[in-house]
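Student: Sequence:
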Amino acid sequence: MRTYAQYCPIVRAVEVLGDRWTLLIVRDMLIGATRFNELSRGLPGLSRALLSRRLRQLVSAGLVSRTADGYALTRAGADLRPLVFGLADWGARYAFGDPQPEELDPELLMWWMHGRIDTSALSKRAVIQVDIADRRRRYWLVLEPGDASVCYTDPGFDIDAVLVADLPTLYRMWEGEIEFRQALRSGAIDLTGARWIVRGLPEWLQLSPVAPIVRATRA
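Quick note: the sequence shown uses my numbering, first residue 12, plus one each step.
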């Protein structure tokens with residue numbers, strides 16, 4: 012690896028963390044990803060070969076360790092949390108404008124969303140059909156007590172509720188720029204179906220881990 016040849020702790024940190032995708036891998040691990048396939052699904056622009064290489068580099072640098080079923084951050088890796096979420100704060104304040112079409116991946120958003128749904132209050136299955144109007148795409152969130160999954164083809168269950176929105180609106184809600192209930196009241200997001208789901212989903216969906224940071228910068 013080519014170095015900057017400067018004796019400085021900032022330089023040493025950049026040499027470890029400055030490669031493309033490295034900080035995003037750390038970001039996903041900080042919010043709970045531990046398996047190779049989870050990391051791959053959360054970073055669809057990253058090839059599996061390059062993901063393997065970056066993970067080897069992180070292991071070699073002492074930021075990540077191998078486990079029986081995947082990967083885990085070491086203390087050094089976990090101590091990157093203030094840096095990663097500090098970047099989120101800076102980005103929300105100074106670099107986070109309107110979403111660009113190439114930034115909006117519906118399958119990635121659904122993957123993120125299903126992993127941030129609290130199903131602890133559910134006593135039975137809830138199936139929510141998600142229609143992304145501007146992309147003519149349809150997905151299904153299947154929520155069970157203690158588990159949530161996303162389906163990219165019809166799972167064959169009865170539909171309990173239907174959520175309809177365009178993709179930029181869903182992303183802005185997910186990232187904390189607009190409030191879920193406010194979007195429902197304004198009609199930007201339409202949620203119809205079983206009343207217990209219509210009432211419950213805004214509580215169950217915990218949004219992006221950076222949503223509180225984005226929301227604070229908009230206050």
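In short, the hints are calculated from the structure, not lab data. Accuracy of the hints is not assured; some may be wrong.
[Stated by the list, open to error] If you anchor each label on the Cβ, the simulated ranges turn out as follows: (1) Tyr105 / Gly29: 18 to 24 angstroms; (2) Gly167 / Arg206: 19 to 25 angstroms; (3) Thr45 / Leu98: 19 to 25 angstroms; (4) Glu190 / Ala106: 35 to 41 angstroms; (5) Arg13 / Leu98: 20 to 26 angstroms; (6) Arg210 / Ser76: 39 to 45 angstroms; (7) Pro112 / Arg59: 22 to 28 angstroms; (8) Arg206 / Ser58: 23 to 29 angstroms; (9) Leu28 / Arg52: 20 to 26 angstroms; (10) Asp109 / Leu34: 20 to 26 angstroms.
The structure presented is a predicted model; accordingly, all values stated were derived computationally and were not measured. Using N, Cα and C, we set each Cβ at its ideal position, and we do this for glycine too.
Student: Compare the structure with the hints numbered earlier in the document and write down the numbers of the violated ones, lowest to highest.
Tutor: Failing hints, ascending: 4 and 8.
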